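J.: Fit chain B to the supplied structure of chain A, relying on the hints for placement.
What follows is each chain in one-letter form.
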Amino acid sequence: MARGIAIEDVSKTYDGSRNEPVLALTPTDLTLRPGEFFSLVGPSGCGKSTLLNMVAGLLPPSTGVIRIGGEEITQPQRSTGIVFQNATLLRWLTVRENILLPAKIGGKSLVEARRLAEHYLDIVGLSDAADRYPAELSGGMQQRASIVRALVSDPEVLLMDEPFSALDEFTRETLQDEMLRLWTERPKTVLFITHNIAEAAYLSDRVGVMSAHPGRLDAIVEIPLGRPRTPDIRSESTFFEIVAGIRTQIGPHS
Amino acid sequence: MTSAPSDIGAAEAAAMDTPPAQPARRRSPRGAGRATARAILLPLLVLIIILAGWFAVTAAGAVSPLLVPAPPQVWDALVRGVFGGLWWEHIFTTLYEMVAGFFLGAIIGLVTGALFAFVGTLYQAFYPFVIALQSFPKIAIAPLLVVALGYGPEPKIVVATLLAFFPIMTASIAGFTNVNPDEHKLLRSYRASVWQELRYLRIPNAMSYVFPSFDVAVVLALLGAVAAELVGAQSGLGYLLIERQQFGDSASMYAVLILLAILGVSLRSLTQGLRKVLPRSIVPR
Numbered sequence: 000m001a002r003g004i005a006i007e008d009v010s011k012t013y014d015g016s017r018n019e020p021v022l023a024l025t026p027t028d029l030t031l032r033p034g035e036f037f038s039l040v041g042p043s044g045c046g047k048s049t050l051l052n053m054v055a056g057l058l059p060p061s062t063g064v065i066r067i068g069g070e071e072i073t074q075p076q077r078s079t080g081i082v083f084q085n086a087t088l089l090r091w092l093t094v095r096e097n098i099l100l101p102a103k104i105g106g107k108s109l110v111e112a113r114r115l116a117e118h119y120l121d122i123v124g125l126s127d128a129a130d131r132y133p134a135e136l137s138g139g140m141q142q143r144a145s146i147v148r149a150l151v152s153d154p155e156v157l158l159m160d161e162p163f164s165a166l167d168e169f170t171r172e173t174l175q176d177e178m179l180r181l182w183t184e185r186p187k188t189v190l191f192i193t194h195n196i197a198e199a200a201y202l203s204d205r206v207g208v209m210s211a212h213p214g215r216l217d218a219i220v221e222i223p224l225g226r227p228r229t230p231d232i233r234s235e236s237t238f239f240e241i242v243a244g245i246r247t248q249i250g251p252h253s
Numbered sequence: 000m001t002s003a004p005s006d007i008g009a010a011e012a013a014a015m016d017t018p019p020a021q022p023a024r025r026r027s028p029r030g031a032g033r034a035t036a037r038a039i040l041l042p043l044l045v046l047i048i049i050l051a052g053w054f055a056v057t058a059a060g061a062v063s064p065l066l067v068p069a070p071p072q073v074w075d076a077l078v079r080g081v082f083g084g085l086w087w088e089h090i091f092t093t094l095y096e097m098v099a100g101f102f103l104g105a106i107i108g109l110v111t112g113a114l115f116a117f118v119g120t121l122y123q124a125f126y127p128f129v130i131a132l133q134s135f136p137k138i139a140i141a142p143l144l145v146v147a148l149g150y151g152p153e154p155k156i157v158v159a160t161l162l163a164f165f166p167i168m169t170a171s172i173a174g175f176t177n178v179n180p181d182e183h184k185l186l187r188s189y190r191a192s193v194w195q196e197l198r199y200l201r202i203p204n205a206m207s208y209v210f211p212s213f214d215v216a217v218v219l220a221l222l223g224a225v226a227a228e229l230v231g232a233q234s235g236l237g238y239l240l241i242e243r244q245q246f247g248d249s250a251s252m253y254a255v256l257i258l259l260a261i262l263g264v265s266l267r268s269l270t271q272g273l274r275k276v277l278p279r280s281i282v283p284r
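Protein chains in written order, with numbering that gives the first Met the number 0: chain A, 0 to 253; chain B, 0 to 284.
With the rest of the complex left out, here is chain A:
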């Protein structure tokens, strides 16, 4: 089942070979509850992607420790699913082959993965496109496929790095709703990175507000909206107030 994420005193400094070392993220403490949907918002260079890559085990922290379910992260975990900004589907594999790739590489049961794949493909309406190649799909469909790929290994933690930022507004909203449905079906801890405040508010239980130069976590805002959330929430005044509240936390744009 879902496991919590503990980020303790984690910072990241990139030491350039020629330039001064760059502090990408100042020491940060953050705890994600098991099954929580947590978003990080902030401008470019605030270290949000750096933090996600460290939680993914793709990047070692300069200081501090990251634990998932109490276990220290030193390398990528197969129980962690990742969705990148670009769908990153391999163009020589069909959609279905792409989706089953993590199970194949991880040496997991393909029977169970296939069953889950068909189930999720059906939910996101990709069943008919499963045997096509990524290049034959629209951007929205590609990103759906990449979300399904992250879900078929039934991960305990799902990391999403600006997954909808390359999509148009309509597709983006549709995918947000699909994402919520998928998350509700099998709860898992989600760390979601975005620079879109409304998106963060709509999806999350809590939103972490970050700022740049140097990258830091400034505030954590609770989102007082019930679940399940439906699209009409987006036009309610309470929602606007929440979004405005987060915006004030960000302060003047640099």
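Think of the hints as simulated: they come from the structure by calculation, not from any bench. These numbers were taken from a predicted model, which means no experiment stands behind them. Cβ atoms here follow ideal geometry from the backbone N, Cα and C, with glycine treated the same way. Take the hints with a grain of salt, since some may be wrong.
Claimed, not checked - With the Cβ distance kept under 7 Å, some of the chain A side facing chain B (calculated, not the full set): (1) Tyr13; (2) Arg17; (3) Pro20; (4) Ala55; (5) Trp91; (6) Ala129; (7) Tyr132.
T.: Here is chain B on its own, set in the frame of chain A:
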């Protein structure tokens, strides 16, 4: 003899038909059809002009027939050589040398490309020599190869291989090295082994670079085979050129050149067509 002028006559008649056809197409609402028609008709028109010019020059006796033989003579030589069966042996010799050179070049190019991509020391030690080899006119070693390997197909295969190898090797290096960083990160997040990374990422990625390089390599292999035949051979289209030259048979030389042009274009179309027909799992695009 009579067939040639009547053929050309038919082509000219077709050309006379085209002007009335064009306005009719212009009225058609579909621009795509018109564009296709233009793409076919314009090159055809140029071909007809070239043929007509060739006819005119030879008919006027402006140049020696030894230099520019008349089209009907060339056509006859071509028909005699191809349909008379005299040239098939030579065509097969050249094709054999070229195909062997191409496949050897492809295998060596792929393997050395992969080695250079993965073993930095090898790259640093040997790549300067590979570049030097590339700048060097490889046909120049053909006489030496004939001395070493004789008048048979072997020296031609070596030259064809040397020429075909280079574009495939550079494509192979690029394909194994230029991996999308996101895709690499994805495989890393799955904790893929080196072999799995090769199997699922680097080899398929390399194929999308390597297949287009075959278009160039196949033409270079033909060039290498024919050029080496010119140096010393017992058979092959290059040999045929030299032999006909000694007989002062310019018409046959022209016919062989036309045959070589057809061969080159067909082989290139073959690799290009193959790339379109093969599934994306083999040729990613």
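J.: Given a cut of 7 Å on the nearest C-beta pair, is the interface hint for Tyr13 (chain A) held or broken against chain B?
T.: violated, 16 Å
J.: Classify the hint on Arg17 (chain A) as holds or violated, based on whether any CB of chain B lies nearer than 7 Å to its CB.
T.: violated, 21 Å
J.: Let me know if the C-beta of Pro20 (chain A) comes in closer than 7 Å to any C-beta of chain B, holds or violated.
T.: Because about 22 Å separates Pro20 (chain A) from the closest Cβ in chain B, which is outside the 7 Å limit, the hint is violated.
J.: Any CB of chain B closer than 7 Å to the CB of Tyr132 (chain A)?
T.: It holds, given that the least Cβ distance between Tyr132 (chain A) and chain B is near 5 Å, below 7 Å.
J.: Would the hint on Ala55 (chain A) stand, with a C-beta cut-off of 7 Å toward chain B?
T.: Holds: closest Cβ of chain B sits about 6 Å from Ala55 (chain A), inside 7 Å.
J.: Are Ala129 (chain A) and chain B close enough, Cβ to Cβ, to be under 7 Å, as the hint says?
T.: violated, 15 Å
J.: Does the nearest C-beta of chain B fall within a distance shorter than 7 Å of the C-beta of Trp91 (chain A)?
T.: This hint holds: Trp91 (chain A) lies near chain B, its Cβ roughly 4 Å from the closest one there, short of 7 Å.
In the structure shown, a violation is registered for the earlier hints numbered 1, 2, 3 and 6, in ascending order.
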